[in-house]
Amino acid sequence: MTSIEPGLVVRNGFAEGPLADAALSRAYRAGQRLAEVQEQASTMTDGQLRDGVYRALRRFTQEQPRTCQVDSLTALIRRGVRIDWPACDRLPCA
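When we follow UniProt numbering, the leftmost residue of the sequence shown carries the number 1, and every step to the right adds one.
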């Protein structure tokens, strides 16, 4: 077990602790939001779709996502490509 900082340790290649739990929770909620946006994409304007993608990514990263990333995902969704955002129960570490 390696302690990275208070609230985050690495054990057997996976992060554990309150900080890891928070990151997993953000990933799960972002995936849910992205799935909702994709289901409603056909009824949304381009601006609404882009905003939905932006909000999903921002929820995950907790920072402003790159414009090119938002635009790319928005274009894929508009073309009907399904974006999967799997969330696992453990946070792997490199």
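Quick caveat, the hints were computed from the structure, so don't treat them as lab data.
Check each hint, because a few of them may be wrong.
What the hints assert, rightly or not - If you anchor each label on the Cβ, the simulated ranges turn out as follows: (1) Pro-18 x Thr-45: 37 to 43 Å; (2) Leu-19 x Gln-64: 43 to 49 Å; (3) Gly-13 x Ser-72: 28 to 34 Å; (4) Glu-36 x Cys-93: 38 to 44 Å; (5) Ala-87 x Gln-64: 17 to 23 Å; (6) Ala-87 x Gln-48: 20 to 26 Å.
If you're wondering where the values come from, they're calculated on a predicted model, not measured in any experiment.
All C-beta atoms in this analysis are idealised placements derived from N, C-alpha and C, irrespective of residue type, glycine included.
Here is what the structure says about each hint:
no., hint, in the structure
1, Pro-18 x Thr-45: 37 to 43 Å, "holds, 39 Å"
2, Leu-19 x Gln-64: 43 to 49 Å, "violated, 21 Å"
3, Gly-13 x Ser-72: 28 to 34 Å, "holds, 30 Å"
4, Glu-36 x Cys-93: 38 to 44 Å, "violated, 29 Å"
5, Ala-87 x Gln-64: 17 to 23 Å, "holds, 22 Å"
6, Ala-87 x Gln-48: 20 to 26 Å, "holds, 24 Å"
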